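Visitor: Between the sequences and the hints, there should be enough to build the whole structure, so can you do that?
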Amino acid sequence: MLSVDGLTTSYGSITAVRDVSIHVDAGEIVGLIGPNGAGKSTLLNTTVGLLRPTAGRVTVDDRDVTGSSPDAMLRLGVALVPERRRLFADLTVVENLLVAGITAPAAERQRRLEEVVELFPLLGRRRTFPAGYLSGGEAQQLAIGRALMSGARLLLMDEPTLGLAPGLVDLVFELIEDLRSQGRTLLVVEQNARRLLEAADRAYLMRTGSVVAEGTGRDLADRHDLFEVYLGVEG
Amino acid sequence: MRREPLERLLVPTGEAAALFAILVVGGLLYTMSGGSARDTLVSQMFINAIVVVGMQVYIGNTGILSFGHIGFAAIAGYAVAIAAIDPLFKRLFIPEAPFGLATVHLDPLTATVVAVLLVALVAFLIGLGLVRSGARAGAVAPTMITLALLFLVYEAARNFTDLTGGDRSGLSFGPGNSLEGRGWIYVALGLSILAARLFRETRAGRLAQAAREDDLAARASGIDPAPPQMIALLLSVVLVAIGASLRVQLLGSMTPNFFFFSYTLLTLAMLVVGGRKSVTGALLGVVVITAGSEATRYLASDAVSVPGFDWLLKEGLSDLFLGGAMLGFMILRPDGLLGDRELGDGLLLRLRSAQPTPEPPEAPVASGAASTLTVRGLSVQFGGFLAVHDVSLQVRTGEVVGLIGPNGAGKTTLLNAITGVVPVTDGTVALNGEDLTRRATHRIARAGVARTFQNFRLFPSLPLREHVDVPAIVAERHRHARGRDARALLVAGDLWDARERRARELDTGTARRLELSRAAALSPDFLLLDEPTTGMNEAESAAMIEHVRRIARAVGAGVLVIDHDLHFITNVCDRIFVLDQGRLIADGTPEEVRADPQVREAYLGSAADRSR
Amino acid sequence: MTQFVQNLVDGLGQGSIYALLALGLTLIFGVMHLVNFAHGELITVSSYAAYALASRGTGWGVIAIAVIVASVLTAVAIEFLAFRWVRGASEFTMLLTSFGVHFVVAALFVMYVSPRPRNIPKPEWIFDTVRIGGVAFEVVDLVTIAVTLVTLVATGRVLRRTMFGIALRAAAEDFDAARIMGVRSNLVIRGAFALSGVLAGVAGVFWLMRTGTASPTAGLTPLLFGVIAAIVGGLGSLGGAILGGMALGLVQVFFRSWLPPDLAGLTEGLLFVLIALLFIVRPQGFVTVRRAERA
Chain A
1 MLSVDGLTTS
11 YGSITAVRDV
21 SIHVDAGEIV
31 GLIGPNGAGK
41 STLLNTTVGL
51 LRPTAGRVTV
61 DDRDVTGSSP
71 DAMLRLGVAL
81 VPERRRLFAD
91 LTVVENLLVA
101 GITAPAAERQ
111 RRLEEVVELF
121 PLLGRRRTFP
131 AGYLSGGEAQ
141 QLAIGRALMS
151 GARLLLMDEP
161 TLGLAPGLVD
171 LVFELIEDLR
181 SQGRTLLVVE
191 QNARRLLEAA
201 DRAYLMRTGS
211 VVAEGTGRDL
221 ADRHDLFEVY
231 LGVEG
Chain B
1 MRREPLERLL
11 VPTGEAAALF
21 AILVVGGLLY
31 TMSGGSARDT
41 LVSQMFINAI
51 VVVGMQVYIG
61 NTGILSFGHI
71 GFAAIAGYAV
81 AIAAIDPLFK
91 RLFIPEAPFG
101 LATVHLDPLT
111 ATVVAVLLVA
121 LVAFLIGLGL
131 VRSGARAGAV
141 APTMITLALL
151 FLVYEAARNF
161 TDLTGGDRSG
171 LSFGPGNSLE
181 GRGWIYVALG
191 LSILAARLFR
201 ETRAGRLAQA
211 AREDDLAARA
221 SGIDPAPPQM
231 IALLLSVVLV
241 AIGASLRVQL
251 LGSMTPNFFF
261 FSYTLLTLAM
271 LVVGGRKSVT
281 GALLGVVVIT
291 AGSEATRYLA
301 SDAVSVPGFD
311 WLLKEGLSDL
321 FLGGAMLGFM
331 ILRPDGLLGD
341 RELGDGLLLR
351 LRSAQPTPEP
361 PEAPVASGAA
371 STLTVRGLSV
381 QFGGFLAVHD
391 VSLQVRTGEV
401 VGLIGPNGAG
411 KTTLLNAITG
421 VVPVTDGTVA
431 LNGEDLTRRA
441 THRIARAGVA
451 RTFQNFRLFP
461 SLPLREHVDV
471 PAIVAERHRH
481 ARGRDARALL
491 VAGDLWDARE
501 RRARELDTGT
511 ARRLELSRAA
521 ALSPDFLLLD
531 EPTTGMNEAE
541 SAAMIEHVRR
551 IARAVGAGVL
561 VIDHDLHFIT
571 NVCDRIFVLD
581 QGRLIADGTP
591 EEVRADPQVR
601 EAYLGSAADR
611 SR
Chain C
1 MTQFVQNLVD
11 GLGQGSIYAL
21 LALGLTLIFG
31 VMHLVNFAHG
41 ELITVSSYAA
51 YALASRGTGW
61 GVIAIAVIVA
71 SVLTAVAIEF
81 LAFRWVRGAS
91 EFTMLLTSFG
101 VHFVVAALFV
111 MYVSPRPRNI
121 PKPEWIFDTV
131 RIGGVAFEVV
141 DLVTIAVTLV
151 TLVATGRVLR
161 RTMFGIALRA
171 AAEDFDAARI
181 MGVRSNLVIR
191 GAFALSGVLA
201 GVAGVFWLMR
211 TGTASPTAGL
221 TPLLFGVIAA
231 IVGGLGSLGG
241 AILGGMALGL
251 VQVFFRSWLP
261 PDLAGLTEGL
271 LFVLIALLFI
281 VRPQGFVTVR
291 RAERA
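Taken in sequence, the protein lines are chains A, B and C.
In this text, residue positions in the first sequence follow my numbering: the first is 1, and each later residue adds one.
In this text, residue positions in the second sequence follow my numbering: the first is 1, and each later residue adds one.
In this text, residue positions in the third sequence follow my numbering: the first is 1, and each later residue adds one.
None of these hints come from the bench; they were simulated from the model.
Fair warning: this is a prediction, and the values are worked out from it, not measured in the lab.
Note that the Cβ used here is the ideal one computed from N, Cα and C, for glycine as well.
Careful: at least some of the hints might be erroneous.
To be verified - Chain A regions said to be covered by chain C (calculated; three or more residues, Cβ under 8 Å):
id, stretch
1, 62 to 75
2, 82 to 93
Unchecked claim - Facing chain C, from chain A, some residues (calculated, C-beta under 7 Å):
id, residue
3, 51
4, 99
5, 102
6, 103
Guide: Given below as structure tokens:
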């Protein structure tokens, strides 16, 4: 469904992503793990059109979409749930959800809104709260709710458990499973590598801008040298 | 070091002389082929040059957009007019002038001196206000404050008619020009160009430029931008006042509109079109705009008719030209025609390239006991979010300590708290017992704690050598580091060959090494490095290990380094602290830390069946 | 006491104009990080539209509509011709760009209309007063306040109930996050300018009614007060902009009434002293702009 070939992204003089190729098939949960500075966020941001790659291609359903704008990608069904959620703190919960559905016609947007509220009753009770007052768990629900509002078939999630207490981490991974069972495809970047490897069908390990290991979730999780490869300690 | 006087004094002086000569000769040639109208035009151009060069001293060196310089000019203009006009004529305009000013009669030179002093005093007060408002390049507050000054002076001039003659009559020098010949204009022009050009090379000028490029990085290098900015302001208003005095004498009269919006537009356009960061640029802008202005004025006058274009050639065309030039340049070439290049840059480059490579730095003589940086119970809270919780650690000179942890662990926040970039909620930071908590960033740097930045913050338009020379200035004054050759740090960082290149052209590896050398140039006791290998490839990271060790040894500093590249950290550090979710969870030797299961879990996370 | 209440209403009437201008400026700042010194051109252009119609004897009802339309068109044109090219540039560049636009527009009017100010006949009721509770109020103040309230309420509805308004507020808070959600940056920015045009148009109607002048620099003074009010309000807060505008109007009127008559002309000057002091003491304005949460 999604294919990234030889992608390189630089900004200023920093080459954050170097010749990276990954693919995500429909219905999969694909994980992207690696230490900070590995380029994982940059890879997601480039895929979704926030950054322009200096080389390489992004393909969605066999269509070359390299360099498309974020709203064009949304229309193709590819949505990003950004790192640290980036909710609009001054807007209410409902307004945050509505904005996320802006690419849809009004009736469809309303329908999705009702779906999201049904899935997250907590959000329904907090409709008119400014998003800045939500707790961590509620905020994460809102973030995922926004991704659903976009009607996306492919969700790119950037560190969805960042800053959340352990109990909420479980919740997030449950939601990720739910999303998959609804027929969506997910590419998830996570700090919590072990949890992600348990949940993912396949995963890539990135370090200093390149993919250094890949395989099924189980294969990578079972590697005894995972820590070493993860942090680049040889020997 | 002996070449310094040659570069920083002789070449700029020669440059200033050359620029002066070009202007004067060009002006004379132009005047000779025309009548008295050309004569006046050239005189006006020279006077505008004095004013614009004065503005360049402040706006160009500090990056702060001031609209008030023409307000200062207005004050000076009125001071000169009121003091120097013959009382015989003065009482026609301002017979009721307070303080007996109607009878005062100073010669123009003395009047100018009085005006300069007055303006300097006002500028000093305004300058204090600017500092208080946090003036730095790109800030809005100083623009508003100086704009307020411009309007205030204008309104006051229109209102206090007893003193100024207001709008209706203004002030006049009486028949005949008060300014005899161009002698004084030449003197003032020559001195202004020289002063402005030399200021760029003085310590104050160079510190101001560093702060202009990046305020935070400058502070982290020990620079307090306020005094250099104040000096720049004072020098600039002196020059502007002199120019204003000459302008009033040339025009022979003074009204509030002489130094208001349209003169502001004219002088600003001249400054930005040529390139506000250099004196040559400012002068080029003066010439270009004067020529363009005159051409458009001529074309729009009744004397000229160009078939097919008469719809364009109407009164007001020169204002359109000015506004259009300003607009066009901001869109297409915001740094102006010359950017920050000066006339003598080519010569300077050749001189500097001929410099011999300095010796690599040796370890300093042990000047005293080792220093200790102690962090005790440090906590940092942002709103409801506790980024750093009760962290204690210690670094001694001579050792290299690592700080690692997964994303969001609070490492950079910890560094920012130690260096005064974010406020400390609880706990202390001390250097040899001296409490550094809650001190201003530049004071912490001067105390001996230097740093680099995660997204490196260089001085984009300054050359590499300036990146080490400027902290060396601070080091000389505040760190008792006389005679230490900062240039040697460039060699140590493999940067010597690139020393004349501008920092914005660098690739990541070079940029990071430069940041390291810059921090070391402060002769600090401690180097705090924030992810110095991010963005580097494997080879560069490996080389960085040696760089860090070498530089740290060269200045005898202790190092605290944050990074994610564990290969780098393991090989460069003696001890490692591990942070997770704002708390210290482990510390020890690299081997101990690598084997620690808590550390592994922090990085890789825990499996689902172990959740509580 | 009577004097006080009259000054209050007078100040609010004046302040309403500033509030509308400040609001427009804050909207633009929110999405572009630009203090738009060319905002005054909207009033300058409208002043000539008003003059053209008034000299034909058109009533102020039609003139008001023309002023608003002219204001919106000018705002969008300026964005399209000038500001579009400097998005993301340094503040220095953007400030000078807006100044450049100001001077270009003023010059165009000098060239193609006339440098001399033209007179716009004021509506007949401009000097009428009405007595409420024994106190005489100027009708123009009451009308200004009333219309401004309606405009602010309407703007509030647009910002809160329409997708455009929500998208605009989202973009003003976090431009990139809004793009991630699919908000089209071009439309948002152009919309912000258009909306600011409507607000400036309403303000312009009352400003022109009071001053009765069309000139190349007609927009300069209201611009200045609008900018000051916006910055006083903190430059990011819409509520702050409105408060800032009202406060400025009140201060101006009370200053003028307290100063001895021979210093009355210095009102503007003293106002500027006050402004300068404000920026020295509290450069971030009076209303704290809430930033997005860190977590």
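Visitor: Compare the structure with each hint and give your call.
Guide: For each hint, the structure was consulted:
| no. | hint | in the structure |
| --- | --- | --- |
| 1 | 62 to 75 | holds (count 5) |
| 2 | 82 to 93 | holds (count 8) |
| 3 | 51 | 10 Å, violated |
| 4 | 99 | 5 Å, holds |
| 5 | 102 | 5 Å, holds |
| 6 | 103 | 4 Å, holds |
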